[in-house]
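There are 4 protein chains.
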Amino acid sequence: MPTATTSFRQRVYRRLFDQRTRSGRRVEAFFALFALFSVVLIFIESGIGTQYHLTFEEWHAFVWLEIFVTLVFTFEYILRVLCWPKPANYVFSFWGFIDLATVLPLYVLWLWPEIGIHYLFAWRAMRAVRVLRILKVLRFMPSLMILWRAIARARQQLILFYAFIAVMMIVFGALMYGIEGPQYGFTTLNASVYWAIVTVSTVGYGDITPHTAAGRTIASILILIGYSLIAIPTGLITSHMSAELNSRRQSRACPHCRHIGHEDDARYCKACGGALAE
Amino acid sequence: MPTATTSFRQRVYRRLFDQRTRSGRRVEAFFALFALFSVVLIFIESGIGTQYHLTFEEWHAFVWLEIFVTLVFTFEYILRVLCWPKPANYVFSFWGFIDLATVLPLYVLWLWPEIGIHYLFAWRAMRAVRVLRILKVLRFMPSLMILWRAIARARQQLILFYAFIAVMMIVFGALMYGIEGPQYGFTTLNASVYWAIVTVSTVGYGDITPHTAAGRTIASILILIGYSLIAIPTGLITSHMSAELNSRRQSRACPHCRHIGHEDDARYCKACGGALAE
Amino acid sequence: MPTATTSFRQRVYRRLFDQRTRSGRRVEAFFALFALFSVVLIFIESGIGTQYHLTFEEWHAFVWLEIFVTLVFTFEYILRVLCWPKPANYVFSFWGFIDLATVLPLYVLWLWPEIGIHYLFAWRAMRAVRVLRILKVLRFMPSLMILWRAIARARQQLILFYAFIAVMMIVFGALMYGIEGPQYGFTTLNASVYWAIVTVSTVGYGDITPHTAAGRTIASILILIGYSLIAIPTGLITSHMSAELNSRRQSRACPHCRHIGHEDDARYCKACGGALAE
Amino acid sequence: MPTATTSFRQRVYRRLFDQRTRSGRRVEAFFALFALFSVVLIFIESGIGTQYHLTFEEWHAFVWLEIFVTLVFTFEYILRVLCWPKPANYVFSFWGFIDLATVLPLYVLWLWPEIGIHYLFAWRAMRAVRVLRILKVLRFMPSLMILWRAIARARQQLILFYAFIAVMMIVFGALMYGIEGPQYGFTTLNASVYWAIVTVSTVGYGDITPHTAAGRTIASILILIGYSLIAIPTGLITSHMSAELNSRRQSRACPHCRHIGHEDDARYCKACGGALAE
Numbered sequence: 001m002p003t004a005t006t007s008f009r010q011r012v013y014r015r016l017f018d019q020r021t022r023s024g025r026r027v028e029a030f031f032a033l034f035a036l037f038s039v040v041l042i043f044i045e046s047g048i049g050t051q052y053h054l055t056f057e058e059w060h061a062f063v064w065l066e067i068f069v070t071l072v073f074t075f076e077y078i079l080r081v082l083c084w085p086k087p088a089n090y091v092f093s094f095w096g097f098i099d100l101a102t103v104l105p106l107y108v109l110w111l112w113p114e115i116g117i118h119y120l121f122a123w124r125a126m127r128a129v130r131v132l133r134i135l136k137v138l139r140f141m142p143s144l145m146i147l148w149r150a151i152a153r154a155r156q157q158l159i160l161f162y163a164f165i166a167v168m169m170i171v172f173g174a175l176m177y178g179i180e181g182p183q184y185g186f187t188t189l190n191a192s193v194y195w196a197i198v199t200v201s202t203v204g205y206g207d208i209t210p211h212t213a214a215g216r217t218i219a220s221i222l223i224l225i226g227y228s229l230i231a232i233p234t235g236l237i238t239s240h241m242s243a244e245l246n247s248r249r250q251s252r253a254c255p256h257c258r259h260i261g262h263e264d265d266a267r268y269c270k271a272c273g274g275a276l277a278e
Numbered sequence: 001m002p003t004a005t006t007s008f009r010q011r012v013y014r015r016l017f018d019q020r021t022r023s024g025r026r027v028e029a030f031f032a033l034f035a036l037f038s039v040v041l042i043f044i045e046s047g048i049g050t051q052y053h054l055t056f057e058e059w060h061a062f063v064w065l066e067i068f069v070t071l072v073f074t075f076e077y078i079l080r081v082l083c084w085p086k087p088a089n090y091v092f093s094f095w096g097f098i099d100l101a102t103v104l105p106l107y108v109l110w111l112w113p114e115i116g117i118h119y120l121f122a123w124r125a126m127r128a129v130r131v132l133r134i135l136k137v138l139r140f141m142p143s144l145m146i147l148w149r150a151i152a153r154a155r156q157q158l159i160l161f162y163a164f165i166a167v168m169m170i171v172f173g174a175l176m177y178g179i180e181g182p183q184y185g186f187t188t189l190n191a192s193v194y195w196a197i198v199t200v201s202t203v204g205y206g207d208i209t210p211h212t213a214a215g216r217t218i219a220s221i222l223i224l225i226g227y228s229l230i231a232i233p234t235g236l237i238t239s240h241m242s243a244e245l246n247s248r249r250q251s252r253a254c255p256h257c258r259h260i261g262h263e264d265d266a267r268y269c270k271a272c273g274g275a276l277a278e
Numbered sequence: 001m002p003t004a005t006t007s008f009r010q011r012v013y014r015r016l017f018d019q020r021t022r023s024g025r026r027v028e029a030f031f032a033l034f035a036l037f038s039v040v041l042i043f044i045e046s047g048i049g050t051q052y053h054l055t056f057e058e059w060h061a062f063v064w065l066e067i068f069v070t071l072v073f074t075f076e077y078i079l080r081v082l083c084w085p086k087p088a089n090y091v092f093s094f095w096g097f098i099d100l101a102t103v104l105p106l107y108v109l110w111l112w113p114e115i116g117i118h119y120l121f122a123w124r125a126m127r128a129v130r131v132l133r134i135l136k137v138l139r140f141m142p143s144l145m146i147l148w149r150a151i152a153r154a155r156q157q158l159i160l161f162y163a164f165i166a167v168m169m170i171v172f173g174a175l176m177y178g179i180e181g182p183q184y185g186f187t188t189l190n191a192s193v194y195w196a197i198v199t200v201s202t203v204g205y206g207d208i209t210p211h212t213a214a215g216r217t218i219a220s221i222l223i224l225i226g227y228s229l230i231a232i233p234t235g236l237i238t239s240h241m242s243a244e245l246n247s248r249r250q251s252r253a254c255p256h257c258r259h260i261g262h263e264d265d266a267r268y269c270k271a272c273g274g275a276l277a278e
Numbered sequence: 001m002p003t004a005t006t007s008f009r010q011r012v013y014r015r016l017f018d019q020r021t022r023s024g025r026r027v028e029a030f031f032a033l034f035a036l037f038s039v040v041l042i043f044i045e046s047g048i049g050t051q052y053h054l055t056f057e058e059w060h061a062f063v064w065l066e067i068f069v070t071l072v073f074t075f076e077y078i079l080r081v082l083c084w085p086k087p088a089n090y091v092f093s094f095w096g097f098i099d100l101a102t103v104l105p106l107y108v109l110w111l112w113p114e115i116g117i118h119y120l121f122a123w124r125a126m127r128a129v130r131v132l133r134i135l136k137v138l139r140f141m142p143s144l145m146i147l148w149r150a151i152a153r154a155r156q157q158l159i160l161f162y163a164f165i166a167v168m169m170i171v172f173g174a175l176m177y178g179i180e181g182p183q184y185g186f187t188t189l190n191a192s193v194y195w196a197i198v199t200v201s202t203v204g205y206g207d208i209t210p211h212t213a214a215g216r217t218i219a220s221i222l223i224l225i226g227y228s229l230i231a232i233p234t235g236l237i238t239s240h241m242s243a244e245l246n247s248r249r250q251s252r253a254c255p256h257c258r259h260i261g262h263e264d265d266a267r268y269c270k271a272c273g274g275a276l277a278e
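Protein chains in written order, with the UniProt record's numbering: chain F, 1 to 278; chain G, 1 to 278; chain L, 1 to 278; chain A, 1 to 278.
The following block holds chain F by itself, in its conformation from the complex (with noise of 0.2 Å):
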């Protein structure tokens, strides 16, 4: 027989947390929104800080909007634990991870003041991955399972190909590494490796570069191959992306007439004018 407690935490548990119920969903959205808030505020500061060179404890105001950030998120961390029907299963997941960890950084602070200002500053900025719990409430996820499922489709290829990227990218890196020398920045097998990436990539930050004849030739061809390469996993997520999307259009025929080949979102057969199920 369930005590009084135990019925107040079930209640309060499904009217704030339970994501099956409105009032659920609106809490969810309410939070996500308050971290939302919470990571505009940080980017403020930060944006403010370098203008006016001050420190942490000359911005009054972005010092209180901290506390009361972390005050809030304490108690929902708080009211979390105590109302989840096995409060392990949530202590152990990954939002309660993340809630507890992104509620640390000020009680951090007041521990162990001597910490560097700017690690604080880049832990509170990870409150951002709070704010995706608001998909959860957008209910997106039929939409995601089309995605998942071509890239699902698409397993075998992807890993061949990212299995192929990294063994050319360790061999290149270290072809490099031999051919330059550590005098034009490929100081390390690594840092060629690295350089490697930023190539295949396309990023081309431009802070190592070959210098000599024979490794701009490697770096060419290194960079032609990767031109080449990037149409592939484009290639096979698009293709498998359409052949899901043709499948679901083509499995949904008319009741009446048997025709097929609907779009997602006709309600009336297009041949015959007959009512489509849903």
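Just so you know, the hints here were simulated from the structure itself, not pulled from any lab data.
Bear in mind the structure is a predicted one, so any value in this text is a computation, not a measurement.
Hints are supplied without guarantee of correctness; some may be wrong.
To list a few chain G residues with every Cβ distance to chain L over 10 Å, as calculated [unchecked claim]:
| # | residue |
| --- | --- |
| 1 | Phe17 |
| 2 | Thr21 |
| 3 | Ser93 |
| 4 | Val137 |
| 5 | Ala150 |
| 6 | Pro182 |
| 7 | Val193 |
| 8 | Thr212 |
Just so you have them, the derived chain G footprint on chain L, three or more residues with Cβ under 8 Å [as the list claims (entries may be wrong)]:
| # | stretch |
| --- | --- |
| 9 | 165–171 |
| 10 | 181–190 |
| 11 | 196–205 |
| 12 | 227–241 |
Don't be surprised by glycine CBs; every beta carbon is placed ideally from N, CA and C.
Chains G, L and A: place on chain F using the hints.
Below, chains G, L and A without anything else, positioned relative to chain F:
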């Protein structure tokens, strides 16, 4: 009963600005090409100015041309305001705002001569937006609709994609800010997120680059994720556009033999030779 | 009545330059490969010249080879002019112009020896265009037609796309010119638009980069727009090419059982085994 | 009649190296994972070496590990040579060459100790190629076939595309060499073509960039052409891959009701419920 003035205004409106008449489309094309001419002029002026280090007042020809362009645009704006059926509709529309904004630079210089000349240059170049008016005349809208509907169908997946990208940029930007710190160009959180945007999009300026081993490892991971993700919006738009084109083709059946799958520009059925409906 | 000279010219033309004869295609391939050889030579010469800091006159072997190449091309040009049915047709055609232009460098050096040697190098390298002649022989044109028709069908959408891109580049270039100003590399309006082109295309040299917070925000917006837009031309070309391939396949029905959807290289119907028409 | 030695060799070959037996696939996977381990080791070594500025001889643990790895690879190579049905087939095959080449670095250091240590590092990293062996075991080949056939079908169009790209790179490289000249980094024709490759592929290092107005205009044109062209190989591969997937699906008809268009992993007809052939 309309007064003589009103009916004159109506006639001028129909002649010059009504897109449904041929003369209206010609006037629209004329002003779009005139805007193109004024933009080309600004670029020539900017190019010559750099080469010979002249001040604005020394380029007599360009000053006179600018005055001429401003007078034409002013005349056009006044005419539109006077002739429009409901002037407020025009003044507060997108094009009304653009027309007014691109008329002003010279008047502003005349009123406040101490303004920086390069602000005026930037302002005058905004006239490029006016060139887009020609698209109204070219009636490209049906083609645009296919593209637009493909984007609308992929809407949810694109929002999901950009939400993930945005969170990833903030998380990786914050990580790099923590790891590399201000001594390697990652001076603020904002600069780090700017770096993450430049990296994921494969632009890769190289003005801020990682220098520590840990930073380069994180950067490599971000680059590889970005490289994989770039295939997703392309795949989404392509597959929805393919489905759209496919469904348009399939919805065009021969009225004689019910054969489907005719090209857009086919006028006769490829199976029975009967005429197709347009 | 044709004179003996005319008929001799006609015979030489049919033997050497008529693409419908086997010997004509062989001569075409020979001159294309000779052009390839001359281009490779120029790159070897350029590579060696840099390494040993020689002047043009000191590379005896390369001078003699260049004279030989020029003589062969001159002989080919004169032969073509003499043998063509209507010489003017050849001289004023695309290939006639290319053939003449790539013969000239050495003669120009001989007439005006004071010309900069690096202009001649650039000029000689233009011989690469001649190599494209081999495509005529390889008869790749049917393959090219599918690609070409896909681009033609996506014509309006591509024009729209490039019009938007062009206007966006000018608007964002002008914005950055106003915001960042000449002190950060955005020296002229033209340089700012060049920066916008380099950014939207994700090339990202990094020779001009934003340094102010406002400039970086605008740049980030431009990058994110560019990142989204890059999917559009790919989507357009891919979906139209898919539709093209699909329609070619669907228009190939088995004459025996009317089954459609045969691969391009299928020679027998996959449903009834009957021979398909080519 | 086979001798005892031969039959013992045969048994060892079947057990260890024959991919058709389970034990053979396990041995293959073991050596691939061992190669992966040796590559990871090299990168850790390279990372630590940079941080503490040690010479090769000072890292005792890594020296012993490298000796161990070399011995295992040497043992594997000798075993393969001894057991292969026809040893010459193995020795002169792709994998025989790779196996021999990646065994050698330590022996070379032992014979010629004066060799530069960074050449050996580069050489050792080539062991990454060995990791690809695991793909043999994973039997990904059917997936690879779809990709391969799509590329084979787009063969002619891809050759055309790369021929145009190559000629365009040489022509634009030569143009920039003529316009910008050696004072802005375009020191040789080869460097200019390297710049064109870096630009068209959107890598954009920024080590060589145009500085004159004319050079920037030409560069902008090249960038815009490159930006448009990048859609073509993607479009080709995607549309051929889609056609390939589509034709596989269409060639799978239900043996009971002739319904086509079943997914790859469907086992029952979606129209009549009858079992499909695999």
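To see whether the hints hold, each was checked on the structure:
1. Phe17: Check passes; 22 Å lies beyond 10 Å.
2. Thr21: Holds, since 23 Å exceeds 10 Å.
3. Ser93: For G/Ser93, whose nearest Cβ neighbour in chain L is about 18 Å away, the distance exceeds 10 Å, so it holds.
4. Val137: About 12 Å separates G/Val137 from the closest Cβ of chain L, which puts it past 10 Å; holds.
5. Ala150: violated, 7 Å
6. Pro182: holds, 15 Å
7. Val193: violated, 8 Å
8. Thr212: holds, 20 Å
9. 165–171: As far as the stretch 165–171 of chain L goes, the hint holds, because 4 residues have Cβ atoms under 8 Å from chain G.
10. 181–190: That given contact holds, which follows from 6 residues of the stretch 181–190 of chain L lying within Cβ reach (below 8 Å) of chain G.
11. 196–205: Coverage by chain G holds here, the residue count being 5 at a Cβ distance below 8 Å.
12. 227–241: holds (count 11)
This entry does not satisfy hints 5, 7, going by the numbered hints stated previously.
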